[in-house]
Amino acid sequence: KAGVTQTPRYLIKTRGQQVTLSCSPISGHRSVSWYQQTPGQGLQFLFEYFSETQRNKGNFPGRFSGRQFSNSRSEMNVSTLELGDSALYLCASSLADIQETQYFGPGTRLLVL
Amino acid sequence: GEDVEQSLFLSVREGDSSVINCTYTDSSSTYLYWYKQEPGAGLQLLTYIFSNMDMKQDQRLTVLLNKKDKHLSLRIADTQTGDSAIYFCAESINGNNDMRFGAGTRLTVKP
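So the protein lines, in turn, are chains C and V. Quick note, the first sequence lines up with residues 1 to 113 if you use this note's numbering. Quick note, the second sequence lines up with residues 114 to 224 if you use this note's numbering.
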């Protein structure tokens with residue numbers, strides 16, 4: 001069974017631009033969560049989607065948004081990029097249940113110049 | 114406190130046992146996890162323990178849970194150079210699928 005895939009793997013943007021990252025969960029998994037990893041703040045939860053609905057949300061500004069499609073694939077969008085948005089963005093999928101074990105993708109490394 | 118706490122560094126010799134410790138925050142966490150991250154890679158789920166267990170063993174890995182002290186540890190037996198990585202402890206919070214992670218412990222295994 002294929003793992004969680006994320007595209008693109010690397011991305012360079014400039015301040016003020018917007019970016020869209022994509023995540024395809026493990027087949028059969030219906031929950032997708034997004035995390036931001038930075039050296040200073042570590043791993044922080046962004047949001048979780050289940051059945052095309054945002055189920056949980058972390059403490060990030062409204063510039064960070066996401067969505068989930070009927071095939072469980074998810075995208076996250078960051079608008080008006082800031083230098084501090086440079087990070088590794090990780091996506092994790094799980095079957096469905098609350099507190100189900102999550103499996104992570106390789107991440108998208110975003111650099112904002 | 115609000116943070117999941119881990120020591121930042123651990124260095125061991127190949128063949129020795131490694132013990133990575135973690136203190137978590139939410140006494141209602143149902144699952145507690147250990148993830149491994151190698152350079153440039155995502156997180157690999159190593160093992161997890163359900164909160165009603167005290168210990169879980171999986172090949173070279175042993176997880177100990179002390180709920181009273183909110184203390185979690187990961188023991189790696191016969192540590193190999195390939196075990197060199199950053200190890201994250203995580204707890205599920207508020208009964209949801211979002212997790213709170215520690216800062217990670219960088220394990221260095223010397224030959």
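It is worth saying that the hints were derived from the structure and are not from the lab. For glycine and all other residues, C-beta sits at the position ideal for the given N, C-alpha and C. Check the hints yourself; a few may be wrong.
[What the hints assert, rightly or not] Incomplete in silico selection of chain V near chain C, CB under 8 Å:
| id | residue |
| --- | --- |
| 1 | 118 |
| 2 | 122 |
| 3 | 155 |
| 4 | 156 |
| 5 | 198 |
| 6 | 212 |
| 7 | 216 |
| 8 | 220 |
> Quick check: which numbered hints come out false for this structure?
Replying inline: 1, 2, 5, 8
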